[in-house]
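Input sequences plus hints: build the corresponding full structure.
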Amino acid sequence: MNDNDELFKLFLAEARDHLEHAEESLLALGKSPDDVEAVQACFRALHSIKGCAGFFDLIRLQDLSHACEHLLDRIRTQELSVTDQRIDALLQMVSHLGQVVEGIECGRADQPGIEADAAHLERLVEVGTNVAPAVATSPMPAAPVDTVITVPPDRALLDDFLAEARELMGRVEELLLSSPANPEQIRAVMRCFHTLKGISAYVGFPLIEKRAHAIEDSLSDKSGTITALSDEQRRALLAAADELRAMASRACLGPAHGEPGRVPPGDSQMRIGDLLVSQGMTREEVEAAAASLKPGERLGDKLVAEGRIPRETVETAAVQQALIKNASDGFSRVATAKLEDLVNLVGELLISQAMVAQDPDLQPGSRLQLAVNRQSRTLRSLQVLALNLRMVPLKSTFKKMSRAVHDIAHKLDKAVDLKLAGEDTEIDRTIAESLADPLLHMIRNAVDHGLETASERALAGKTPRGTIELSATQSGDHVIIVMSDDGRGMDPVRLRRRAVERGLIAAEGSLSQQEIYHLIFIPGFSTADSVTDISGRGVGMDVVRRNVQSLKGSIDIASVLGQGTTFTLRLPLTTAILDVMLLRVGSERFLVPIASVIEASRLESGEIKTILGTGRMVESRGQMLPVVRLATLFDLTDAPPGETGILVVVEHFQGRFALQVDDIVGQQQVVIKPLAEHLPHHPGLAGSAILADGRVGLILDPNRLLEAAGNIA
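In the working numbering, the protein residues as written are -5 to 707.
These aren't lab readings, by the way, just hints derived from the structure by calculation.
Cβ pair distances, simulated, as ranges:
#	residue 1	residue 2	range
1	Gly649	Glu226	37 to 47 Å
2	Gly164	Leu669	15 to 25 Å
3	Lys603	Glu645	14 to 24 Å
Keeping only pairs whose Cα atoms sit at most 20 Å apart, straight-line, the calculated PhoX-like set for lysine-lysine is:
#	residue 1	residue 2
4	Lys456	Lys25
5	Lys405	Lys204
6	Lys25	Lys393
7	Lys667	Lys332
8	Lys25	Lys394
9	Lys405	Lys25
10	Lys394	Lys413
11	Lys394	Lys405
12	Lys389	Lys413
13	Lys413	Lys456
14	Lys413	Lys25
15	Lys393	Lys413
All residues carry an ideal CB built from backbone N, CA and C; glycine is no exception.
The structure is reproduced here in structure tokens:
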């Protein structure tokens, strides 16, 4: 790859950063119309994109950036005021610019309609009024007019959306083809369409969102989710899944915006004078001005002072110069798959080293043992380095929530501020990517259900603007993410009453306050009086719970009626390495995450009680806990019979339960591996690992183990 190719790739990366900053500035400007720095920051970001687009002969990108810049210039010179209409139009154009950059990166052909959107901005500038935005009407190939879809702004987001859409619709097919479909399968189908609706709205596919919403709506009636499907309904849903899969493919793989421009020839270390020549000055003019420079004087400033070139030309050249410099600063892009391979290989090295360290032939105090100890320290350092390569800050994930809050609040006519903290906290890339969906569901729920309208807040003595706070901190080998709002809070009495009405719990059942709050995670549970395209079906929070479970995390809820609600997510720093407790059951080894273990004690005779309708229970610190005997659950015949061994109390997302095992072998750090394909699937297992003695251990999933055992927490 030559210098020009590297420079062009760097430009695309810089353009995405500029667009992210522009969106952030516009959201800040929407909250504080007098924020001069936000106007200037957005103007600078778009001006930089415009200048560099011209440098690469990307005329479409340059023209659209100029249209945005022109409106912002009129705002910063106070010729026009900041209005919601102008902020919304600029946000739309920033998204549109992202689509253009995306199309450039993929090398796709131009799509008609960009000029119409740019003309809309120009009309906002000239007449200073709210003009309805123009909408592109040219359909994509193979798509009818009523399924025109725009392309989302970010390549990674686009790829993730298409992959998830295909996976969701594949899951729908799998569920529908398992005959007959039971109520749980129908709810799972509904969750798939609900999730597709949510992510479509987030990335900007309104037609897919509406279609998924309509299908989701067809799966429920006044009493809740339907419990049976006719053959005709099944065929219709299968056809709908095919349709949505095709719509997603057209949206992500059809024609988009822009085409790669040609990088001007020349050395990758071009000086700013060379860049000014490329923008229209003659070589003689630049050389003459450079020859007459005084000590400490800059060429660009001198040319501006002499009226030879405008200030904007120098600023653009400076940005281009920075791009060229950054291209040679030694940064390398590494494929995520290669990082995965590196972490796995380091894990294998650690396992091999542990085997050597535990070899009985290794003599204490020998030179070989000293070498093994030194190797162990080196490998630990290598492991930390490899894991750090997978770590990314949460800033990008958090910033996406800012736009979501703006759009949802605007749709619901609510005034909402989002405060972010701890965005620089780092977490495993795979976890960060998987967090976006549950956080989005929580944000939608908070804005729609948690926060009151301005009039309701006034009656409650609150400020008109609601506040959502999203923060992240690191605690040991976990990241704690807290989302809180200052809304109406959760009413335990109302939650319990609604759960009883829907037959989700018995009227005489005894639940703690935390268990009552966790009712919102039950599929189909909702306190909403009506269903909207934002929330109300009792599906979104179920998605949150399942996603957090899949990340081996936990979620807690705290709420004060009339004051607000706080969700606390506890997630592992990485999903590649796990600290576990080794449990022996018969001849088998089971592994449970250390973070889930509360305590362990020797099992006494008669300690376990069998309660009718509940099963085997044990009292622990004044609380009755379900008991799961692993030997019974996994049909291990070589385990000692009866009530012997050790009880290990573990925590899951809804409470605690006890594991009955034969012995605790110790603790170890292991590399998580998927279960072998030939092994039967068991919902209580999260994976496997090779132990220091070379044996294979099965990793337990506390969040699903109790369900697999048939108990009810």
